[in-house]
Each structure stands twice: as structure tokens, then as C-alpha cells.
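**Q** These protein sequences, in sequence, are chains E and U.
If you want the numbering used here, it's the 1-based position in the first sequence plus 1185.
If you want the numbering used here, it's the 1-based position in the second sequence plus 1185.
Hints may contain errors.
Since copy identity is lost for identical chains, a pair holds within one copy or between any two.
[Unchecked claim] Straight line, CA to CA, 27 Å or less: simulated DSSO-like cross-link-like pairs of lysine-lysine: (1) 1335 x 1301; (2) 1239 x 1343; (3) 1385 x 1349; (4) 1301 x 1342; (5) 1385 x 1233; (6) 1385 x 1342; (7) 1385 x 1206; (8) 1277 x 1335; (9) 1340 x 1301; (10) 1239 x 1385; (11) 1285 x 1335.
Simulated from the structure, these hints should not be mistaken for laboratory data.
One-letter residues, chain by chain:
There are 2 protein chains.
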Amino acid sequence: MAIRILTISRQFGSGGRSIAKDIANRLGWDYYDKDIIDEISLETGFSKEFVASKSEEAPGKTVFSYGFESHGIPGIMNGMSTHDYLWTVQRKIVRQIAEKGKPCVIVGRNADYILKDFEGVLNVFIHADMEFRINRVLRKYGQSEVKIEKRLNDKDKKRAVNHKHFTDLQWGFAPNYDLTLNSSKLGHDKCVEILENVIKGSENEVNKD
Amino acid sequence: MAIRILTISRQFGSGGRSIAKDIANRLGWDYYDKDIIDEISLETGFSKEFVASKSEEAPGKTVFSYGFESHGIPGIMNGMSTHDYLWTVQRKIVRQIAEKGKPCVIVGRNADYILKDFEGVLNVFIHADMEFRINRVLRKYGQSEVKIEKRLNDKDKKRAVNHKHFTDLQWGFAPNYDLTLNSSKLGHDKCVEILENVIKGSENEVNKD
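Given the sequences, and given the hints that come with them, work out the whole structure.
**A** Below you can see the structure in the form of C-alpha cells.
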């Protein structure tokens, strides 16, 4: 089965996004990441910042997270919580991307789960040692007020809770992915090489059309 | 850092052991699997069957699992439970193998955790889809009385509890490994190729001595 969609889930600071971009470039595939946030923002009317923050956090259960309370748009959100409403839109957009039929790389957004009934999808998880992640985040974003290690652990926890909430699967559990890579141990280039090799080797059918 | 030790943890029925054997053959590395059971048996006096069954099951907490109750060898097991006693012997043997300094592949035995302070170790986890595992187990071992899927789930659970008990780490959680592979999705040959490529690429220092 030729792989035509690569989903990349990753720990913050692992360089997973940068690996994803490089593979998309090398293969000449479409690349989706923040674009999905933009689409959700466009469709829902929420700001990009709001969508981005909500789409990674642990869904709240207070009444204030419900649309009819906090946004007053009954009829659109149909009584769903903001998280659930954003999830349905995200799900629709990710599926539309896949249904286009153009080979692509999708970063995050629980795309692995959303596309579980699609064929030709390779699901990858990228992680790295804490020290590597701390250094990468420091280099890229500078120092924040919150201690970096705590911030990374919080991010991991939020992503795990979000993933569990919407997919009932454990984020980062190997059997939920086809391949997982430790980018700090293997290095960026080796990760790209492995994924490119797997995709190109998948019957070499990808570039025929 | 040249990789000199490959540890393979795997789901039962994933073909992980067969992948491990092939890599050892290709690289000309030593291969340890059941040999470790034999060594533990030799050192403790317990039968191979007993060691094999104990070393994968979830440690019991009843008084009957304690050496001084069930085996009456005070002084040797020093009041430890049978599981803890076997663990200390297993730990010693795995470390002795690593200390030999000869490149090798070690299957199972929590070797990833036991060797966590050694350099040049690549920790890999191999899993597969349930259907693939069922077919493989049926083909290799025939039908058992217990429904195969239940048997596989039980095996997974036991390995997970055993691993958690002795290492405090979650078995199969991607960040605890350098690389994890879905053998049913990628295929046996691709798994071997990826691992061989990673090992040979690690500074090509492995075969210098």
C-alpha cells in the first residue's frame, strides 16, 4: 500500500515539525500545520490564537466552556462545548484535506485518529530527551517566566489529555503509531532519511500520478 | 556515538524476535534471548520453565511468592520475593553481557532499563496489529484453549505490569525507546533495514575493533 499521507504527532521541542517540513519539501508533498488552525478560525469565527490555545489544551468541563454560555451563538454550536465544536470542525477540515487525494504531511491536530479509516496513511510520533527539548525551546523561543521543564511537561500533559478526550487513545503509546523516533538520539537527518525511505519504499507508487 | 548494543522489546506475536535474530545475523553480533533464561536458571537453581514463566508475569504480592515460604532457601534469597530475587540475578547477567564489550542484540528481559547507564545502546520496541499477531501465533503455535486475542492481551498486560514493577516505566510508551516499529505495517524486511541502517550509520565505528 503506497503511503500518501504522513501524520506527525510530536512532543513540543522535539523538532518534529522541522522534520515534517523537510520531508514534505523533499517529497514535494503538501504540508499542513498552522494552516489547519487558520481554516478552523475562518470557519468558526474564533481568532487563530483562541483556536490554537483551545486545540491543544485539556478540555474543561465547567459550564463556562460551553458555547451558549461563553459565546452566545446557539444554533451554530448546537449546545456543544467550545472544545467539542472546534473538534468537529477540525475533524471535517482534516478529512477534507485527505479527501483531496494529494499526498501530504499533516502535523498534529489528532490527524492520525481522524484519518484512521483512510488507506495509505503512515502515523509517526516524534519525541526527544528532556535536555534536548529544553535547549531547543530556549534557543528558539528564549526564556519564559515558567521554568522550561515544567512548561514542557505541562504541554505534554495537555496534549495527552486532549488526545485521550477525543480519541480515547493514549498519546505517545507506541502501538498507536506505525513508527516513533527519538530525534535527540537519532538526529534530525536520520529521522528524515528513515521516513523518506519508508515512504518511497511503499511500493514506489506514490509519485506515479 | 556508535551503537554497540541493540535491545528489542516486543509484543508477543509481532515477529520482533525474528527481526532481532536477522539483525544479529546480518551484523555478525552476539544474540541473547532465551540464553539469559538459561543463565538465570543455572545461577538460581530454578528450572528454565519456572524462570521463563516468572520473568514475564506480573509480580505477585502474596506471601507464597516469597522465597523463604515457597522454596525454603533463606540466606540465598535473603528474604526477597522470588520475583525480586530473579530480577537481581537477571540484572547482573544482562550487565555482564554488556560489560563484555562485544556488540550484541538482547531481546526482552527489561534490558533497555537495566542498561540505561551504558553508552551506545539503542532501545527498540516492536509491535503489530492484533490481526497480524493472531495469525502469526496461530501459524507458529497452533490453536490454544484460550481465545488467542485474550491470550495476547493477557501477555501484553503481564509484560506491562512486570516492566512497571521493576522499572517504574510504562512498557510500550514511545518516549521510553529510541525507535518503535509496527512490523505489520512496515513489514519484517523494512524493520530489519531501518535498524541496520541506523546502527551502521552511527559513526561506522561498530566494526572497527
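**Q** Confirm or reject each hint.
**A** We went through each hint and held it up to the structure:
1. 1335 x 1301: between (32 Å within a copy, 24 Å between copies)
2. 1239 x 1343: within (10 Å within a copy, 37 Å between copies)
3. 1385 x 1349: neither (32 Å within a copy, 37 Å between copies)
4. 1301 x 1342: both (23 Å within a copy, 24 Å between copies)
5. 1385 x 1233: neither (35 Å within a copy, 45 Å between copies)
6. 1385 x 1342: neither (34 Å within a copy, 35 Å between copies)
7. 1385 x 1206: both (16 Å within a copy, 26 Å between copies)
8. 1277 x 1335: neither (33 Å within a copy, 35 Å between copies)
9. 1340 x 1301: Both ways: residue 1340 and residue 1301 sit 24 Å apart in one copy and 26 Å across, limit 27 Å.
10. 1239 x 1385: neither (35 Å within a copy, 43 Å between copies)
11. 1285 x 1335: neither (40 Å within a copy, 39 Å between copies)
Violated hints for the displayed structure, listed by number in ascending order: 3, 5, 6, 8, 10 and 11.
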